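J.: Given chain A, put chain B in place with the hints provided.
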Amino acid sequence: MPHRRATGSAHLEAAGVCIEYRDSGHARDPAVEGVDLTVSRGDFVCIVGPSGCGKTTFLNAVAGFLPVSAGSLTLDGRDIPGPGPDRAMVFQHASLLPWRTVLDNVTYGLELAKSMKRAQARDRARELLELVGLAGVANQHPGQLSGGMQQRVNLARALAVEPELLLLDEPFASIDAQTREVMQSELLRICAARDVTALFVTHDITEAAFLADRVCVFSPRPGRIIREVPIPLPRPREQRIRRLPEFLALVDEISDALYGAATPVANGGSR
Amino acid sequence: MALTTDVQAPSAGTTKPAPKRRYRPSAKYVYGTIAVLVALALWEIIAVLRLRPAIVLPGPGDVLTAFEHLFSTNEIWTDLGTSGSELLFGLLLAAVVGLPLGILIGWYRRLSYVFNPFITFLYATPRIALTPLLIIWLGIGSTSKTAIVFLMAVFPILINTATGMQSLDPAIVRVARCFGGRDLQIFRTIALPATVPFVLSGLRLAVGQALIGVFVAELSGAQSGVGMMMNNAGQQFQTSVVFAGLFIFALTGVLLNALLRRVERHFDSWRHPTH
Chain A
0 MPHRRATGSA
10 HLEAAGVCIE
20 YRDSGHARDP
30 AVEGVDLTVS
40 RGDFVCIVGP
50 SGCGKTTFLN
60 AVAGFLPVSA
70 GSLTLDGRDI
80 PGPGPDRAMV
90 FQHASLLPWR
100 TVLDNVTYGL
110 ELAKSMKRAQ
120 ARDRARELLE
130 LVGLAGVANQ
140 HPGQLSGGMQ
150 QRVNLARALA
160 VEPELLLLDE
170 PFASIDAQTR
180 EVMQSELLRI
190 CAARDVTALF
200 VTHDITEAAF
210 LADRVCVFSP
220 RPGRIIREVP
230 IPLPRPREQR
240 IRRLPEFLAL
250 VDEISDALYG
260 AATPVANGGS
270 R
Chain B
0 MALTTDVQAP
10 SAGTTKPAPK
20 RRYRPSAKYV
30 YGTIAVLVAL
40 ALWEIIAVLR
50 LRPAIVLPGP
60 GDVLTAFEHL
70 FSTNEIWTDL
80 GTSGSELLFG
90 LLLAAVVGLP
100 LGILIGWYRR
110 LSYVFNPFIT
120 FLYATPRIAL
130 TPLLIIWLGI
140 GSTSKTAIVF
150 LMAVFPILIN
160 TATGMQSLDP
170 AIVRVARCFG
180 GRDLQIFRTI
190 ALPATVPFVL
200 SGLRLAVGQA
210 LIGVFVAELS
220 GAQSGVGMMM
230 NNAGQQFQTS
240 VVFAGLFIFA
250 LTGVLLNALL
260 RRVERHFDSW
270 RHPTH
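Those sequence lines, one after another, are chains A and B. Per numbering that gives the first Met the number 0, the first sequence starts with residue 0, numbered consecutively. Per numbering that gives the first Met the number 0, the second sequence starts with residue 0, numbered consecutively.
Only chain A is shown next, with the shape it has when bound in the complex:
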């Protein structure tokens, strides 16, 4: 692993970010308005918000799929021109290439980036499959794997390109509840092992509190951050912290911010 343990320095910076969808002839339709957010290296930041609040839109802008219409969104001080190998995205659906073996799926990003030789890429893929606990199924096809396993492959594929920023868009939303908890622990273990900086979008408050260093609560559309809740729980985190009073208090704090915002009498003042 390359050493990029420069924790603390700002990596992703959003200042007054607005993103709007423009349909031809229609009025401006802002999805995200005035988002300020700083993600430092090594941070694990979660974004929670009501559905349709623009949290995925924001993530897509960071990924480089959408332009920012106002404000600035920079990575290491530079604007984001488009998708790039420094960011990898993990979507809700694993979207693996069904005709490739698991191993060849993990090398896919490296293959597209043409950053290394095939043999090298396969070595790295094997290493990552080991990390996500799937070394035994390297030669199988995705159709033979369960949803949870496919999502692990997806994660390995994203990590293979050694992204500086890992973007996750509700990656565990379509996985059953028990597997989801296992996957959350796994994700934390993998992130710790790889020094990953992560921006994780979810609508699951408990998930956010369990994973994050910091939880950003989005308002309903147009989305902006109405509260940032730091999660000072020590790492590594085990499943049982979910039952600690501190954890439950944090969950309450997040849900207060979230549901307080959903009611007409919003307390959107301080942020």
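If you are wondering where the hints come from, they were derived from the structure by calculation, not from laboratory data. Computed from a prediction, not measured in an experiment: that's the story for all the values here. Cβ atoms here follow ideal geometry from the backbone N, Cα and C, with glycine treated the same way.
Quick list of the computed label-pair ranges, beta carbon to beta carbon:
(1) A:231 with B:181: 37 to 47 Å
(2) A:115 with B:103: 26 to 36 Å
(3) B:34 with A:129: 47 to 57 Å
T.: Just chain B now, with coordinates in the frame of chain A:
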């Protein structure tokens, strides 16, 4: 996509493919063979009872005799050669034209706008109805026959290929874009492999259409060919010979289909994880 929770050790690559079972013909073949034999027996019984004269309904035995007759002369080889080459060249031409064109039309949206009116028109007309035109243009020889076979076979290939190219999983394409994948890379790594199954089922459809093309083309004037041979036999009430011709066509179709299925299985193994 079926989600199987328990995963066995990878069967590919390991030398021993599970404890070897005693050879037992699968139910599929047992039932299939029995059904065919019963049908043949019924046919023979009806024929032997002579409910209808042999000139109307020959039995399997009569057909076999007709086969023997046919293959005792050299004429049948000319007929088979003619029809076979019409079928083969027509199909080959259809694949050579239909595949690249389908890929281009599927990949470039604008190109599909240009070609769609023509494809829709030709696909909607019974292409067999173009036979008189093609004979006027290309003569009565095998060129016009090959052209008809081509016209029959090219559309399933072209349309299936284009459909395959157009129905890529947008989520997978998005993943590739996320990794900075360029158009050409997406074409090579996603579009082409995803289209293979479509192409193969297009080819199988094309075989059926091509056989229709061969037969009908030879009806409207030909010097040789299995279709012509059947037509002549029909006019002379050699019913068993007509049946023989029918079986030649059927067998060709079945064989070509089986071949393509085999190819399909090879390319499609990821779809059938249980194999």
